[in-house]
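Participant: Residue numbers (our numbering), protein chains in the order written: chain A, 49 to 459; chain B, 56 to 420; chain C, 260 to 560; chain D, 650 to 962.
Since the hints were made in silico from the structure, they are not lab data. Any given hint might turn out to be false.
Said to hold, decoys possible - Restraint-style ranges between C-beta atoms, simulated for each label pair:
1. B:V75 x D:P878: 33 to 41 Å
2. B:S74 x C:V301: 31 to 39 Å
3. D:T741 x A:D329: 27 to 35 Å
4. D:S752 x C:G295: 35 to 43 Å
5. D:V736 x C:I471: 52 to 60 Å
6. D:S752 x C:N368: 32 to 40 Å
7. C:P474 x B:D113: 37 to 45 Å
8. D:P878 x B:R166: 31 to 39 Å
9. C:G295 x A:A273: 17 to 25 Å
Bear in mind the structure is a predicted one, so any value in this text is a computation, not a measurement. In this text, a Cβ means the ideal position worked out from N, Cα and C, and glycines have one as well.
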Amino acid sequence: MRHAMLAATLAASVAIPATLANATDLEVTHWWTSGGEAAAVAELAKAFDATGHKWIDGAIAGGGNTARPVMISRITGGDPMGATQFNHGRQTEELIEAGLMRDLTDIAEAEGWKDIVRPSSLLDSCTVDGRIYCAPINIHSWEWLWLSNKAFEDAGVEVPTNWDEFVAAAPKLEEAGKIPLAMGGQPWQSGGAFRVMLSSLAGPDVYKKVYGDKDTDAAAGPEIARVFEAADNARKMSAGSNVQDWNQATNLVITGQAGGQIMGDWAQGEFQVAGQTAGEDYTCLPGLGVNAVMSTGGDAFYFPVLQDEEQKKAQGELAALLLKPETQLAFNLKKGSVPVRGDVDLEAANDCMKKGLDILAEGRTIPSGEQLMSQDSLNQINDLVVEFFNTPSMTAEDAHKRFVDIVASAD
Amino acid sequence: MEAVNNSVELRRVSLNFGSVEVLRTLDLDVAEGEFLVLLGPSGCGKSTLLNCVAGLLDVSAGQIFIKGRNVTWEEPKDRGIGMVFQSYALYPQMTVEGNLSFGLKNARLPREEIANRVARAADILQIKPLLQRRPSELSGGQRQRVAIGRALVRDVDVFLFDEPLSNLDAKLRAELRVEIKRLHQQLANTMIYVTHDQIEAMTLADRIAVMRGGVIQQLDRPQNIYNRPVNRFVAGFIGSPGMNFLDGRMEIEGGKPVLRLADCAVPLDRYGFADAPADGRDVVFGIRPEHVSANSGMDWPFSASASVEVVEPMGSDTLVWTRVGGQPLAVRLPTERAPEEGDTISIGFDPMNASIFGTDDDSRL
Amino acid sequence: MSTRSDDRPPFRPFRNLNAKIASVPMILTTMVVFVGGTFWTVLYSFTKSGLLPRLEFVGLAQYERLWGTNRWLIAIENLFIFGICMLVFSMVIGFVLAALLDQKIRFENTFRSIILFPYALSFIVTGLVWQWILNPQFGVQGVVRNLGWTSFTFDPLYNADIVIYGILIAALWQGTGLVMCLMLAGLRGIDEDIWKAARVDGIPAWKTYVFIVIPMMRPVFVTAIVLIASGIVRVYDLVVAQTSGGPGIASEVPAKYVYDMMFSSQNLGQGFAASTMMLLSVAIVIIPWAYLEFGRRRRHG
Amino acid sequence: MANVASINTTAAAFDAVADRVEGPAGPRPRRVLSRRNILLYGTLILVSAYYLLPLYVMIVTSLKGMPEIRIGNVFAPPLEITFEPWVKAWATACTGLNCDGLSRGFWNSVRITVPSVLLSILIASVNGYALANWRFRGSEMFFTILIVGAFIPYQVMIYPIVILLREMGIYGTLTGLVIVHTIFGMPILTLLFRNYFTSVPEELFKAARVDGAGFWGIYFKIMMPMSLPIFVVAIIIQVTGIWNDFLFGVVYTRPESYPMTVQLNNIVNSVQGVKEYNVNMAATLLTGLVPLIVYFLSGKLFVRGIAAGAVKG
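The shape of chain A in the complex, shown without the other chains (with noise of 0.2 Å):
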């Protein structure tokens, strides 16, 4: 920092030509690593470079739970980005309290952020106190159950509708040589999917309490010992899926490998790398094709309070970028997302972003897990899911009982 300033005074005190002393290089952290996602932080990175400034790439691999502690130590150690990926919810109430976010609510009242984000409850969770902290950027939803239409030919049953059918269809892909569902080992891709299972197989109320009012009752109740038992069905059918990575299994359905998996609407991207098209290669059954809702998670934003002057326009300019329709745009359809504006045209939007876009614009949303419940809590539900899924030994029932111990202590 005490360098940046330096060279800020000693640059003012030698007065370089103004077009040069506007470009100001500025650090963005996030993780998005993977094809898909890559190709759509260049996108972002060109529009921002387009305004004369530099976006200086700072990806983390590893996934958010990787990326997040870098990102947050860095800020709380003293030695911010120039703005940096966060899941917009809970993950940066305490950071914002501490004072080390910067205040967006003037830009966000300048560009009109208030009338043109949609749903609205994104910008509520960028807002602490009335005041807005950060700039959503896209409408992540998790609810989808991705199916490879060539693994259902090879075993020769039509590819289902819904969750039910999927699994009935198991044994059939299993003899064919597939693995019926795609699992990747890592916690967060367990604990989602079962929070999908969760939200479609028993309905956005039980969802709701369980997540948001932490109702110890509902989480006991007899609908999560039904997402329980669909759970222990999807343990069976992943058992063969030996894969680290989200998008090794998003590979091994687009390979025909596996029968399908349930990921987040960014599995899109990869798809769409892969030159697959929705419909003809590939399938997606929204709230596993049982309750079609959408929780409204999602990425966005965070800009970390600076000193030098330069770089705070920059920010500035970043924030308000980020929400511009060509921008919105070309990001979310290389990201497989759906934009947070409801006025961007989106007529290259494929099948599955169209019926997104649709349950979108039905108002059939459900707020997303990160925004409901803090990360220690969910990282236990993902810790208590994973095992159950590596555990073949743990019944369902005793997972469950332990599902309720983690609500009952959960913030």
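With chain A held as given, fit chains B, C and D onto it using these hints.
Facilitator: Positioned in the frame of chain A, the structure of chains B, C and D alone reads:
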């Protein structure tokens, strides 16, 4: 200030390592030009004392004067001393010349002065041809000459030697011993010399301080230490082969002191008692093997016949083990007059040459 | 006793000043980082620190949660299994290899270099290599299956029950060289006369090793055990590179739990509590050793 | 030693042929191919093969193309040698948008390792020297804490150090990481140097003091020139240790200055589509290359470093 006729003075110096007393309230004066030897077994504190004088160890209490100047808290380099170590302690990466001049360079002496002094020291010690060599290329004797040279160039008043000859073989040791003596005669500096070798001590010293347990037992001229040891420890430590010690009982018979050794009695009237002898006191009677004669045909104040148990030839002399009053007694005889094992010989000695110690405090009566 | 005032040494804080200046980094490291840092962490393990440290005391709540968390229990169990196996195997293999190399063989240097070289590699490199070799599709399992034994199964990294042994294989590959080296140094330190005496007495070689040589090498064994044990508690990089704690959380270890809690779950208090437990377990190993080693040395003066 | 031993064995073998019929005379006959030797060397060769296997697999895999890897036998030598994976690993492999391969991490590691090694050795050697020759009240206590501190799990101190560095304003900078490496290298290095300087005859030190050299004079003019081997040992320990570090690199640096190990982990674990095992192995080998070179060049000194650091406890 104290009188300046003493070169080195120690006043009530003591040194503790934790609860261990290494030096106990020690006083010592070394006269100008004197050659003083600190002698004692290992662990007696003699090297420690030398290190204190050099300033390499801080004393716990007391004062040290060199040339009348209180140097108790001075740095070693400021004390006007030169020191020679047992392991030579030559700087391995420097040439002989570098070793000799290192201290002078630290003292920032002018270049010519350094060259002059090095040349003079090399001359005295006859190490001129070695000046450009490294210590690893020198023999043990040469190394020790260089080490002495390093003290020499410092042009100081007091030389400290810390067992300088212990690492050399017997022949070289004898050679260098003479050389050190010659050096002392030539330079007439004060020298304090630590050794555990009594021959070195006897041959070199003006005075010897025999130490034990951090205390100076006896400080005297070599002959006195040999002839009149103040206690049993000094008596046993000095002399090789060691003094015979016979346990006995002192009685006054007819107004004359007599030593009772089981069946025989030794008249002690020729012995120079410090105090009047007491009747019925348990004592240790010490007599050196060289002071006992055998089959000499002379009339000794005490004589007895004894049978030879073991014979140890030592070259020119032979040590003959016999028994007196049931206790072993060694006799040192010229080899040509040595008896055979099993012979019976007549032994005799003069108690005037003996030393008698009380059993209570081991000190000389 | 002393009568004169200058009998006593004067108080001189600037004596030996350079040595004190030279020791400033050490004093700062020990007092601020080692002692201060440890104290700070232990103190904050009793607080409800989330993303940022906060002095809001909650008593033993973090520890209650810690010992009620399955992931921690798995981590502890893994550490236990891994630790015991690592200690036993690296000691036995290391000693046997050292004994083999001590037979006045030819090419001793070559053999020693080969066995020790993995020790020069980082845990990340080690973890990634073994991840590849143990890859069920292309690695050992795949090769054996291609040879015709199609039911052959060896996929430790993808089987929650045995994943910790998969990590153990890599750890042993990396670490036995060190033990071998220490043992070899120990064997070389043993007086040749012991072997001569044993031969004269007609004692068979293995008996000489077991009853005479090994007891004489006690200090080497103690050092090796302490080194390995403190390394075991720290094991982190290897797991991260090889399995990232997976499958699921089956190969979690305490060091990773601490890191994840502090930085990923944004629950510093929990992380501090876990690291305090790690400290405690190290103390159980180190304090007796330090007492034996340093305490005894001091008594000898 | 080894040479003498081998000469002896060879000599014995020749003597065995020339042995007379009358009865044993001269050295005991020994055959090279005795059962003991077959067993001994057989075991050692097997063991060596096991230890070399991963190295072999790395090299082989890194020289294959992806199609060849997919038909799958990690042990088979490459049918068609390609250096493309190496080029890719070094120059073009991606983490996120940064597709400049491991080269960046390599230079970062160099920038981290060189000052860290120099600073840590400088501080620790002076420190060990002070502890060996210039003890003062409390110096032994600090040393004991330092050694015991070496066994404290890093996890206990990670966060306090974050705070310390932040307060000093050097969090995330190279300086910060260098200091962290200096701190954590201090116990082992101080021990190494202290033990070494203690073994230097004390009289040498005393002689230098009588000669008027002070603390720094003795260190630079007497001790340092005498101790080159131990400095080499320390350099070996530090270069391999710091080069191989992962945890501190992750915690205390920012992504653009990640050391090679961290970048390696990122490249290997950030998959785009299919895992490119050949590139991964090339990257892994590249990362391991520096310590391996140090290891094979230093030979006995490396062993001595381990023994010196470890055996004395």
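Participant: Please test the hint of 31 to 39 Å on the beta carbon pair from P878 of chain D and R166 of chain B.
Facilitator: 34 Å, holds
Participant: Is the hinted range of 52 to 60 Å satisfied by the C-beta distance from V736 of chain D to I471 of chain C?
Facilitator: 57 Å, holds
Participant: For the range 35 to 43 Å, tell me whether the beta carbons of S752 of chain D and G295 of chain C fit it or not.
Facilitator: At 39 Å between Cβs, range holds.
Participant: 17 to 25 Å was suggested as the range; check whether the CB atoms of G295 of chain C and A273 of chain A agree with it.
Facilitator: Distance hint for G295 of chain C, A273 of chain A is violated at roughly 51 Å.
Participant: Can the suggested window of 27 to 35 Å be confirmed for the beta-carbon pair T741 of chain D and D329 of chain A?
Facilitator: At 29 Å between Cβs, range holds.
Participant: The hint says 31 to 39 Å between S74 of chain B and V301 of chain C; measuring C-beta to C-beta, is that right?
Facilitator: 35 Å, holds
Participant: V75 of chain B and P878 of chain D, beta-carbon distance inside 33 to 41 Å?
Facilitator: Holds, since V75 of chain B and P878 of chain D (Cβ atoms, about 35 Å apart) stay within the stated range.
Participant: Between the beta carbons of S752 of chain D and N368 of chain C, is the distance compatible with 32 to 40 Å?
Facilitator: 34 Å, holds
Participant: Per the hint of 37 to 45 Å, is the separation of the Cβ atoms of P474 of chain C and D113 of chain B within bounds?
Facilitator: 43 Å, holds
Consistency note: the structure conflicts with earlier hint 9 alone.
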